[in-house]
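Following the hints, complete the assembly by docking chain B onto the known chain A.
There are 2 protein chains.
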Amino acid sequence: MKITDMHITPIAIVDPPLLNAAGLHAPYALRIIIELVTADNIYGLGEVPGSAKTLQALEAAKDAVIGKDPFQLNAIKQEIYTRFGEEGVEFRGEAPWDQRRQVHVFSALEVACFDLMGKATGRPVVDLLGGRARDRVDFSAYLFYKYEGAGGELGFGADPNATGWAAARQQAALDPDGVVAQAKAMCDEFGFKSIKLKGGAMPPAEETAAMLALREAFGPNVPLRLDPNAIWSVETAIEQGRKLEGILEYYEDPVRGQENMGKVRRALNIPLATNMCTTGFEHLPGSVQHHSEDIILSDHHFWGGLRASLELAAFCSAFGRGLSMHSNSHVGISLAAMAHLAAATPNLTYACDTHYPWQSEEVLVNGRFQFDEGALVISNEPGLGVELDRAKLEELHDQYISCGLTERNDEIEMQKVVPGWKFEAQRW
Amino acid sequence: MKITDMHITPIAIVDPPLLNAAGLHAPYALRIIIELVTADNIYGLGEVPGSAKTLQALEAAKDAVIGKDPFQLNAIKQEIYTRFGEEGVEFRGEAPWDQRRQVHVFSALEVACFDLMGKATGRPVVDLLGGRARDRVDFSAYLFYKYEGAGGELGFGADPNATGWAAARQQAALDPDGVVAQAKAMCDEFGFKSIKLKGGAMPPAEETAAMLALREAFGPNVPLRLDPNAIWSVETAIEQGRKLEGILEYYEDPVRGQENMGKVRRALNIPLATNMCTTGFEHLPGSVQHHSEDIILSDHHFWGGLRASLELAAFCSAFGRGLSMHSNSHVGISLAAMAHLAAATPNLTYACDTHYPWQSEEVLVNGRFQFDEGALVISNEPGLGVELDRAKLEELHDQYISCGLTERNDEIEMQKVVPGWKFEAQRW
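Quick mapping for you: the protein sequence lines, in order, are chains A and B.
Residue numbering for the first sequence follows my numbering, starting at -7 and increasing by one per position.
Residue numbering for the second sequence follows my numbering, starting at -7 and increasing by one per position.
Chain A extracted, bound-state conformation:
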């Protein structure tokens, strides 16, 4: 089995004006779709966050992949890492999203290889990762503070595709009532049974008030999470955290860095979670040293693929860490990969994050995934079980070209609403 071609297609998907610690989501989120084709004309799909830098790196990786057997992941990885430097040479960055090039590149390729392996063997990807620990993968409602509208209004004109998942998707959510309304609409439509609020956008006391309002509205049986994306001080995190003890399922990245996370963790009686301070294998010794978190949010795009995510799971199991899953704005290839991975991970016991309800577009034949009571049911179709809609891919690629964005920059977008707004690594 030999890879003979690699198609790399940057796409832009409509994204609503979601607020976060780094500013505001642009009207379009960028993704890159990878397609590996074999000599016998099987194709395997991968998806990663888009940027000019990742695009360039993927182009540069082409000849490291073409000619290879998709089962030879170690050889492909070695070649990618040799080409782009060892893990840790490039750093994650301070933004809420990870910016390491080599893990992005290898992750995209690894998923596409697993899709190929699955199709070649007639097996769903979950079976190539150790088999099903579960048949249904639970996802969490992922709430955001947001301005009114569904995307496009803030810089690129009205967007006709943004019909969204419900009227509520268009609504503003800038206070506790708005957050609760968003949560109700999202849970009603998708059946989610856990709720996460992306914080770091409003003054801390307002975000705490929103969590308390969610608790009031949903009762104690719906687990709640708050993620201030590391822009609170230790003092603020502890002060707000005291009001959230007994309320939160976990408190995600209230502060920056493992040492600070450890301080907050020791001061509070709430499980701390991270996808910002412990985000690569090179951070695991520090995680142990500082006991910086109770729960790690995995993300196969950032941890180096599906197999690496299982290795992270083994660490979590051995070192008493819980395991959850992080998400960025994405389409169905990433969602399928996340779901297969989660299904194969016995100790991934928390409902996974997903931005999927916030998107309305898809690159797959049969359109968008449907959630069943907040969960995805893992199919027995070979590989990822998804098929590429090439007309739709082309359309979203055209949208990428026409929107003119080449990297994610939530600060620039925020400045269109609040002139002079600047990202601060610690705001409150």
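Derived from the structure by calculation, the hints contain no laboratory data.
Check before you lean on any hint, since a few could be wrong.
[Stated by the list, open to error] Keeping only pairs whose Cα atoms sit at most 20 Å apart, straight-line, the calculated DMTMM-like set for lysine to aspartate or glutamate is:
#1 B:Lys(-6) <-> A:Glu373
#2 A:Lys60 <-> B:Asp127
#3 A:Lys185 <-> A:Asp364
Same frame as chain A, but now just chain B:
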């Protein structure tokens, strides 16, 4: 794909009178051969150390496996672990060999499932573990203090099968000259390029003298290892270790327990290795806390299979531990599994242990594996690439019945030579 039958065959293979910290190898080593058969009549092989307890556990595991799909390792593991208790409920024990029942059982079954998966997909096992990080797997010469003879003389009469790998296999090795002669004969015949001496059998200064004699005979380019199997005191280990700085590639388990290992490690300028103090995922936090070793010897029979061994490898990579591989007396199914695993493990950079030269029997069609310059070349045959010789299996099963052994007990065997001899957890 469905497992419809499971054959469990205890065998006894001739073993020479090798000395170790726990006494003397009996004339026969016990192994259990597992054969899983599927509805479409493919068979998958596994092998584990034999004992009445493991045999009974495997029998009890039968109905947890029959009816299952071999790709569903998570489901099989969950059922085995539920049935036999969680890791850590049963302890490793003080002997040089590991005695945890549930990891033995699952390891044997997991390897057999990988053999089935490989045969079903037309892929060698290495390809199902991430592909080849190398095509050749280096093994180390594994020296033992021993009495004269090839097995059988000390309790069960002369053994006609023990023709051995060379005349030297019959020789006594009870002093530095004997050890060097054994090393030369073994390296000449198999081409090994690293040498390990199983210590803990002679007074410490004699074992150190043997290592210095090996250095003298082989020069600085042949890595040397000494393994006193944890029966030295911290003081002895440091005293002997000072003479071995600059001589040893690694110093394996000179003392018992992670805390003691950490003490010795900090006192010496030699890498410390273990397969006794850090032998399961539940020991990894202690390994970090005490920094008990520089190198972990993996063993898929004890770490819970091939995938778990890769998870251990990821820990080693993240926490700056080297990785080598442990062995017990075994036949070719275990050897094939070890070789496929090693080939798929990028950071397994040390030559692996194997007792294989000490055995003369085999259960495989085509007979025994041949080493090429001390290495095994990984084939592209599906699965483990080995085929069961059922007549030979039957013969070795008859030998198991007739020898009357049901568990390994090196103390009893030693008492036949040295009346009243007792195992001591710390002897020197």
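For each hint, the structure was consulted:
For the hint pairing B:Lys(-6) with A:Glu373, the CA-to-CA distance comes to about 18 Å; that is within 20 Å, so the pair holds. Simply put, A:Lys60 and B:Asp127 have alpha-carbon atoms about 15 Å apart, close enough for the 20 Å limit, and the pair holds. Proposed proximity of A:Lys185 and A:Asp364 is supported: the alpha carbons are some 11 Å apart, at most 20 Å.
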